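As given, the protein sequences belong to chains W and C, one line each in that order. Residue numbers 1 to 499, in this note's numbering, belong to the letters of the first sequence in order. Residue numbers 500 to 580, in this note's numbering, belong to the letters of the second sequence in order.
Careful, some of the hints might be misleading.
What the hints assert, rightly or not - Lysine-lysine pairs mimicking DSS-like chemistry, simulated, CA-CA at most 30 Å apart: (1) 174/W x 530/C; (2) 134/W x 94/W; (3) 174/W x 121/W; (4) 233/W x 530/C; (5) 101/W x 121/W; (6) 519/C x 505/C; (7) 519/C x 309/W; (8) 519/C x 174/W; (9) 233/W x 160/W; (10) 94/W x 162/W; (11) 233/W x 505/C; (12) 505/C x 309/W; (13) 162/W x 147/W; (14) 566/C x 309/W; (15) 309/W x 520/C; (16) 121/W x 147/W; (17) 530/C x 505/C; (18) 160/W x 174/W; (19) 520/C x 566/C; (20) 121/W x 134/W; (21) 160/W x 121/W; (22) 520/C x 530/C; (23) 127/W x 162/W; (24) 162/W x 174/W.
Simulated from the structure, these hints should not be mistaken for lab results. Just so you know, these numbers come straight off a predicted model, no measurement behind them.
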Amino acid sequence: MSRLPFDDEPTKVPKVPKVPEVTRVTKPATPATVVTPVTVVTPVTPVTRPVLTVSELNATIRDLLENQLHTVWIEGELSGCRIWNTGHMYFNLKDSSSQVKGVMFRSAIRYLKFKPEDGLKVVARGKISVYDPKGEYQIICEHMEPKGLGSLQQAFEQLKKKLAAEGLFDPARKRPLPALPRRIGLVTSIDGAALRDMIRVLRRRYPNAHLVISATRVQGEGAGREVAHAIRKVARIEAVDVIIVARGGGSLEDLWAFNEEVLARAIADSPVPVISGVGHETDFTIADFVADLRAPTPSAAAELVVRRKDEFFAHIDRITERLDAAIHHRLRRMETRLHSLEARPGYAGYEGRLAVRGRHVSELASALRQRMTAGVARRGRRHEILRRSLDQFDPRHRLAAVRTRLVSRNAQLEAALRRRLTVAQNRLGGLAARIDGLSPLAVLGRGYSVTWDASRTRIIRDAATLTTGDRISVILEHGAIDATVDAVRQVAEKANTEP
Amino acid sequence: MDPTIKDFEAAIAELETIVKKLEEGDLALEKSLELYERGVQLSRFCHSRLEAAERRIEIVNERGELKPAPASLNLPDDEDE
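Extracted from the complex, chain W is given alone in its bound form:
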């Protein structure tokens, strides 16, 4: 048996060089020691020994890695970061003792919310891929975020929980916005696009709005405190009825000021409602949660703060129209009641006897007419004064178009008032004519009554003309009462009592 290994040697020798060559790829340091004992113990193996080509090996390794490490998260520092003309980015990820190559394709880079730079600590998600021609492997990175994000996110969640527990986000805390703010406070950066956007929107919707800017830095170290300070400053300005806190879009880091507790407290403590208008794609900031109203962008905040001027006008015009309709309807009802009273047969014969009361009603009617005439004249004068003061008020004539509209509106209003007056006067005129005979009956509608003697030939004006036991007849708006006098009191009171 001792010869056997020796016999084998001649056949083994030519193959020796080949074995180390195959194994060198994986474990270059150990091939001889591993292979030799095998050949000695099992002389049959040379025939079945798995020999791979380099390509086969690399393909096998690729299968293994790509299947086993399909998705991995790697944390490390970026180095050698370069974007090629193709738009793909090549880089190394390293830690203190090791590094790995990586690539990020253009399609994935588009979604990055930060700029990858050498030295930046990142967390990357990707899969391992083997580059067969060189026997190298690398990470194909699908997603990457700065490592700091995790802690920011955590701080955000902690603060959110804390303030929510204090009730700062409660819907009950949200204050309604003033319908027509006298002054609008704008808290933002003086040279940012946000400010310009807001001014533009406000000028369009409500050209004569009075804006008060409280300028502040909105990003960087200490920005939260500065924004808070700017809010308190503008809130103290007289007649500032609402505040917008705004900033254009940016990354989570850029917007960090709006996630700081000091700013959240300033918004919560503001004596007037605060609208947040922080432009950002996805999540809310803490400021959004605390604000009385949240808008997705500065422009949107400006649109929420005041209605369009013409909407205001339309609203008031609608109410005023109802006001007109209501008084018109009231006058119509009065007329109708008179007609129905007139039609009652029971009263038809007594018209002439009611002359005294008739005069009283005529007096009321003419007082009414005077009152309305005076009212219209007064309003006319008020218009004139208003118009003149508006002229003085606007020396630059920048509101020329608006003024023209106001003047014509005033004219329309005056005309409308005159028309209404004429209609009312005509109606009253017609009423007055009938009133000679009938008007006291209208008085009945207001709760008065007329007392006759039993034969209905004499109106009782003085209790002294009656004695106990006399029969009387009392005419009410609806129906009449026949009654007997129980007692006579001589107090000189008018016969009627107010309803």
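Starting from the known structure of chain W, arrange chain C on it as the hints suggest.
The following block gives chain C in isolation, referenced to the frame of chain W:
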């Protein structure tokens, strides 16, 4: 302006109340006319308040005083009103 009117919101609210009262009816004629006059006064107040607000842009400085904003912020109007 009119001392009996607190502000724009109060005016609108009162005007709406008046209209409701008048629409419900059941008021003596005198009272109706009184309310109507008040309504006209309120409506006029609202109109003038809408026109009267000052078209101005100011900046608060560190001492809390109001200063005119730089002219560069007086942007031209969009013309779609």
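Outcome of the hint check:
With a C-alpha separation of about 39 Å, the suggested pair residue 174/W and residue 530/C falls outside the 30 Å cut-off, and the hint is violated. Our distance criterion of 30 Å between C-alpha atoms is met by residue 134/W and residue 94/W, whose separation comes to about 21 Å. Under the criterion of a C-alpha separation no larger than 30 Å, the hint pairing residue 174/W with residue 121/W is inconsistent with the structure, at around 41 Å. Taking the CA atoms of residue 233/W and residue 530/C, the gap is about 48 Å. The hint is violated against a cut of 30 Å.
Using a Cα cut-off of 30 Å, the hinted pair residue 101/W and residue 121/W holds, with the two alpha carbons roughly 15 Å apart. With a CA separation close to 20 Å, the supplied pair residue 519/C and residue 505/C stays within the 30 Å bound. In summary, the hint linking residue 519/C to residue 309/W is supported, as the alpha carbons are separated by about 25 Å, within the 30 Å threshold. Only pairs whose Cα atoms come within 30 Å are accepted, and residue 519/C paired with residue 174/W is accepted, the gap being roughly 29 Å.
Between residue 233/W and residue 160/W, the direct Cα distance comes to roughly 25 Å. Compliance with the 30 Å bound is thereby established for this hinted pair. In summary, the hint linking residue 94/W to residue 162/W is not supported, as the alpha carbons are separated by about 37 Å, beyond the 30 Å threshold. With a CA separation close to 26 Å, the supplied pair residue 233/W and residue 505/C stays within the 30 Å bound. Restraint check for residue 505/C and residue 309/W: satisfied, since their Cα atoms lie roughly 20 Å apart, inside the 30 Å limit.
This hinted pair checks out: residue 162/W and residue 147/W have alpha carbons roughly 24 Å apart, not beyond 30 Å. Taking the CA atoms of residue 566/C and residue 309/W, the gap is about 26 Å. The hint holds against a cut of 30 Å. Distance hint between residue 309/W and residue 520/C is fulfilled; the C-alpha atoms sit about 27 Å from each other, no more than 30 Å. Of the pairs offered as hints, the one joining residue 121/W and residue 147/W holds, with about 5 Å between alpha carbons and a cut-off of 30 Å not exceeded.
At roughly 22 Å between alpha-carbon atoms, residue 530/C and residue 505/C fall within 30 Å of each other, so this suggested pair holds. For a cut-off of 30 Å, the pair hint linking residue 160/W to residue 174/W stands: about 17 Å separates their Cα positions. Between residue 520/C and residue 566/C, the direct Cα distance comes to roughly 46 Å. Violation of the 30 Å bound is thereby established for this hinted pair. Between residue 121/W and residue 134/W the alpha-carbon distance is near 28 Å, which keeps this suggested pair within the 30 Å criterion.
As the CA atoms of residue 160/W and residue 121/W are separated by approximately 26 Å, the hinted pair is consistent with the 30 Å bound. Proximity of residue 520/C to residue 530/C is assessed by CA-CA distance (about 10 Å); at most 30 Å being required, the pair is judged to hold. Restraint check: the Cα-Cα separation between residue 127/W and residue 162/W comes to about 38 Å, which exceeds 30 Å; the hinted pair is violated. Taking the CA atoms of residue 162/W and residue 174/W, the gap is near 18 Å; set against the 30 Å cutoff, the hint holds.
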